[in-house]
Amino acid sequence: MATTYYRSLFPRDLFAEIDSLQREMQQALGLGPSIRGFTRGFPALNVGGTPGSLEIYAFAPGIDPASIDVQVEKGMLTIAGERKAVEVPEAATVHIGERFAGTFRRVLPLPDDIDSNAVEGSYRDGVLHVRIQRREEAQPRRITIH
Amino acid sequence: MNDNTAVTRTSEAAHREGALLPPVDVIEDARGIILYADLPGVPKEKLNLQVEDNSLIISGDLALDMPEGMEASHADVSQPRYRRVFTLSRDLDLEQASAEFANGELTLRIPKAAHAQPRRIEVRAA
Numbered sequence: 001m002a003t004t005y006y007r008s009l010f011p012r013d014l015f016a017e018i019d020s021l022q023r024e025m026q027q028a029l030g031l032g033p034s035i036r037g038f039t040r041g042f043p044a045l046n047v048g049g050t051p052g053s054l055e056i057y058a059f060a061p062g063i064d065p066a067s068i069d070v071q072v073e074k075g076m077l078t079i080a081g082e083r084k085a086v087e088v089p090e091a092a093t094v095h096i097g098e099r100f101a102g103t104f105r106r107v108l109p110l111p112d113d114i115d116s117n118a119v120e121g122s123y124r125d126g127v128l129h130v131r132i133q134r135r136e137e138a139q140p141r142r143i144t145i146h
Numbered sequence: 147m148n149d150n151t152a153v154t155r156t157s158e159a160a161h162r163e164g165a166l167l168p169p170v171d172v173i174e175d176a177r178g179i180i181l182y183a184d185l186p187g188v189p190k191e192k193l194n195l196q197v198e199d200n201s202l203i204i205s206g207d208l209a210l211d212m213p214e215g216m217e218a219s220h221a222d223v224s225q226p227r228y229r230r231v232f233t234l235s236r237d238l239d240l241e242q243a244s245a246e247f248a249n250g251e252l253t254l255r256i257p258k259a260a261h262a263q264p265r266r267i268e269v270r271a272a
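Quick mapping for you: the protein sequence lines, in order, are chains A and B. Throughout the first sequence, residue numbering follows the working numbering, covering 1 to 146 in sequence. Throughout the second sequence, residue numbering follows the working numbering, covering 147 to 272 in sequence.
Next comes chain A alone, as it looks inside the complex (with noise of 0.2 Å):
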């Protein structure tokens, strides 16, 4: 990635121009690899799961676990909160500002067959993991043919 900002003087070999290259094509139609700037809001999401839970992982660095509020509503998975500003001491000059800051607020619909009485959330790196379980009736079973 670091080529996309800070090219070297003496390319190193064809393939890892074309590669950087590609990045930056990518890159310019926002298409990369890019955490930046947040396009697609903040917190970043990964969502997973597995035959008996739902994984949600909130990329959220720097907040204050307690002040972040998770609710499960109506098939909705809310998360909101708010990251405060970096204080800029006076007579200082901001030369890359790219970090989010602000109130912020990500629903992300659920699936039917998760259990909301069963939702358990923890903050661990800045990523905030909301794990929720599927109901067990909706569970797959195998069944045995005798």
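Zero decoy hints are in this set.
Some chain A residues flagged as far from chain B (calculated, every beta-carbon gap over 12 Å):
id, residue
1, Val70
2, Lys74
3, Ala80
Listed next, the in silico EDC-like pairs over lysine to aspartate or glutamate satisfying Cα-Cα at most 20 Å (straight line):
id, chain 1, residue 1, chain 2, residue 2
4, A, Lys74, A, Asp113
5, B, Lys258, A, Glu90
6, A, Lys84, B, Glu246
It is worth saying that the hints were derived from the structure and are not from the lab. Backbone N, C-alpha and C fix where the C-beta goes; we use that ideal spot for every residue, glycine too.
With chain A held as given, fit chain B onto it using these hints.
Showing chain B alone in chain A's frame:
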């Protein structure tokens, strides 16, 4: 010498595999520069701050607590690592730099070298 080669290779490999660009804030005042970077999902022991030649390399590997057999259905964060390189300038004193990393938020303070501290030059009437 050998160590140096190894470092170069690792960073090359990381570069090829692709990495997320962590968003940063860079603030400068008379005393120095403060760089804040967001690297959520990176535990402290997986954060790497390196100075190579005239560059500062910030990198880190994500370590999410994922249950076995989890299938991802949506991923805003689609790479397992972060990486970003900054070119440093000579007026910064890296020997005196200090870093804190908590809750996925890096705070790096790099003071200006003593010779680069602003000095007021008095102008006297001739």
